[in-house]
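*Asks:* What follows is each chain in one-letter form.
Number of protein chains: 2
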Amino acid sequence: MAEAFPSKRTNKRLVLTGYGGINKIKLQRKELSNVKNGHVLIKVEACSINNHDILARQGLNLSMTIRPPCVLGMEVAGTIDECGQGVSSFEVGDRVIGIAWSGGWSEYVSVALGWVFSMPNGMTFEEAAAIPISYLTAYFLLFEYGGLKEGKSILCHQAFDDVGLAVGQLCKTVPHVTLYGTCPHSWQSITRKHGYDYLVDSKSRDYVTDIRQFAPNGVDIVLDPYRGVDNRKNYFLTKRLGKHIMYGGANLRSAESRTWFGAARQWWNTFHQDLSTLITDCKMIGGVVLTHLVQDASGIDWVRTAMHDILKLYSEGVVRPRIDAMYPLEEFNIAMERIHSQRFIGKVILLPTRMPGRIEIIDPDLQQKEIPSSKFQQEDTRTSKEEELVKAKSREQSDESSGSDTKEICQTPTLSKVEGLFSGHETIVLDDN
Amino acid sequence: MAEAFPSKRTNKRLVLTGYGGINKIKLQRKELSNVKNGHVLIKVEACSINNHDILARQGLNLSMTIRPPCVLGMEVAGTIDECGQGVSSFEVGDRVIGIAWSGGWSEYVSVALGWVFSMPNGMTFEEAAAIPISYLTAYFLLFEYGGLKEGKSILCHQAFDDVGLAVGQLCKTVPHVTLYGTCPHSWQSITRKHGYDYLVDSKSRDYVTDIRQFAPNGVDIVLDPYRGVDNRKNYFLTKRLGKHIMYGGANLRSAESRTWFGAARQWWNTFHQDLSTLITDCKMIGGVVLTHLVQDASGIDWVRTAMHDILKLYSEGVVRPRIDAMYPLEEFNIAMERIHSQRFIGKVILLPTRMPGRIEIIDPDLQQKEIPSSKFQQEDTRTSKEEELVKAKSREQSDESSGSDTKEICQTPTLSKVEGLFSGHETIVLDDN
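From first to last, the protein sequence lines stand for chains A and B. Counted the way our numbering counts, the first sequence spans residues 795 to 1227. Counted the way our numbering counts, the second sequence spans residues 795 to 1227.
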């Protein structure tokens, strides 16, 4: 489209049409607006799915600032397509990381200059799109809230997810840190490679007992992505002089769509802290939501300082985001189902410029050998069910007219279809253990 | 006494006979026990009055572990009088600081080896007795809980008290820190010398408004020694990414004896923190009670590491405890009333080896010129009312027999007497502004 009518370019986007399940997201086209002053238009090569997006789709975003219809997607990587007035630090064609906060699940997204960062040499677009939110979260958790210092111990739950692996890698920058994590048994060998010293299986056993065996007096910094009864457990696991830091809402994302009752129950179980007890326990408790943090007047400075450090660590080989799987924008439904199933290790990426109908699956072993990402396009690892979905989508797309201002390109397949797909799909992903 | 009967030495001590006002403390003598293994017996030259002692006397100590009859006094300085079995790192006559946690308001106190520290060269006994609790509290607040880093801002209430001045001095070790404090107007010029950049008068005005004028987005680290409605104010003043840290209970010490109702009201007003709000506010909240902190298995290591740093900073001239006033042990009542009146700047010290009947008043200007402390003994700055009290006490003492195992030496004067004394006494203290 963009090539056919350059004077009236359109933008392919994933639009959230209402709170709920995956079927609330529709692939649509809309005419591109002019770039605002102080913004750059990024042609998106890769964008990522974050926990925040999942919660926002479910209507569980903490501030309720996201109101459909809107486009989700917090972070992108791509090339600069156009510079708004007053932009002199970038040129068209520059490879950049953009923190869009929303609107990133698109072919093109406009990002304010303060949230745009040059990609270091050697970084792929999928790596670039996987870095900001996960590593900024880990960075603030560890270094700002946690005040991580030499010799401290840390517990990070969901060690296998994007933030968990980022925590593992960033902990390596401080000497003599002991890092505990919770992680299903079958993924522990992969997760351990990212910096974890001890991993316990939180699915089969009570992690409090297991962690207490390693650390009888508790842990200095407990990173707690849960809501509900786990908050009490994690407070209990926090040592005197220690910090219990809450973020995310990992246990809210497991179901595709949540009832308000279920969410309310989780929030109710998020305990109220009696401050007198906090004082006599000699602990700290806190929390962070990145989207709220950056609303501070200093937010942009905090993020730029942190990104500077994180990208430097990338250049030094310390920061290495693990891409779990990549999908064309059109197959967002499979990507999201992968996250709901809690069967991912690292980050799930969407590729707006790739041909629809191709499911990109990462083999982490190949990734570690630094095979260019184009390699993955040449491998057809789809199951027959995945092929079926792709064909069905192509049919839907060809049926659509393309003249209207906002256009739905493909309907989300029903959940049963996705589930069927997913069970076949899961076997394709190769473990690097 | 100790010299007269060396074979059966007695120990002059301030015994807390029950929870309540100053009159619950009695000066008594008791036979000295043998020194336990791994302990040293310190001949106390100076010991200090801490907020913890005041709250304990009132029955408001947070853990209720202090039960009368007992001897208060957390920290002492003096010379080693005797070493228990297994002590090889100290010799009789060594000048030491001892953290006794209790029992310090005595002529002699036995302290476990782990809590004994050599006094650096040039340190006076009164300085040594003024260091551990105040500076350890400030150290843990700033560096462990607060994670103080370059460029951060701090608010410390009661900037004039022992912890407040220690905070001011320790902040100087980190570049580009902005330190706000609350402090009555008339003491601001003295307090400012200890490292404060901005001071607001919390007595005459609402400090929230004043601090917000300096720091519209709030402060990175808020040190909150209050209980009650101030906790909410201080949480409000804490910036995003910031830390609100509670300690002490400074507003509980203002009355000589407290009703349980009053204390309960303060605790009730110590708000419960809704953790969901904490997360969306992106703040941390915590607290510390030093006596609880050190109960951790690592407690002694934390304290020894911190004391090592603090004593090094003393040798470098950074740590300089400000002695507000010194009194012989017998005049503890005047010393305590000085604290209840909230009219002190720095630390109030008791001197067990000084002749009873001499009120020692520090002139901070002289102190800053490093005049030896013996200088102060030669100055008689007592008012006629203070003279009266001293004479009354000497009469009481001469009436007492001294044969019994536990002996009350002098009765506490009534509060009205002390109040009368104090109003005269206050004029003696010279400001160094």
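No lab work stands behind these hints, which were simulated from the structure alone. The reader is advised that the hints may include incorrect statements.
One copy or two, it doesn't matter: identical chains are merged, so the pair holds either way.
[Stated by the list, open to error] Listed below are the simulated DSS-like cross-link pairs for lysine-lysine, each with C-alpha atoms no more than 30 Å apart in a straight line: (1) 1106 x 802; (2) 987 x 824; (3) 837 x 997; (4) 820 x 943; (5) 966 x 997; (6) 943 x 966; (7) 1106 x 943.
*Asks:* It remains to establish, for every hint, whether it holds in the given structure.
*Replies:* Each hint, compared with the structure:
1. Within a single copy, residue 1106 and residue 802 get their C-alpha atoms no closer than 39 Å, and across copies no closer than 70 Å, so neither meets the 30 Å cut-off.
2. Neither within a single protomer nor between protomers do residue 987 and residue 824 lie at most 30 Å apart by alpha-carbon distance, with minima of 43 Å and 63 Å respectively.
3. Taking the shortest alpha-carbon separations for residue 837 and residue 997, neither the intra-copy value of 41 Å nor the inter-copy value of 59 Å comes in at or below 30 Å.
4. In the homo-oligomer, the alpha carbons of residue 820 and residue 943 never lie at most 30 Å apart, since the shortest distance is 46 Å inside one protomer and 46 Å across protomers.
5. In this assembly of identical chains, the alpha carbons of residue 966 and residue 997 lie at most 30 Å apart only when taken from the same copy (26 Å versus 49 Å across copies).
6. Taking CA atoms no more than 30 Å apart as the test, residue 943 paired with residue 966 passes in both settings, with 11 Å inside one copy and 21 Å between copies.
7. Taking the shortest Cα distances, residue 1106 and residue 943 sit within 30 Å of each other both inside one copy (20 Å) and across copies (20 Å).
In summary, the structure is inconsistent with hints 1, 2, 3 and 4 from the numbered list given earlier, while agreeing with the others.
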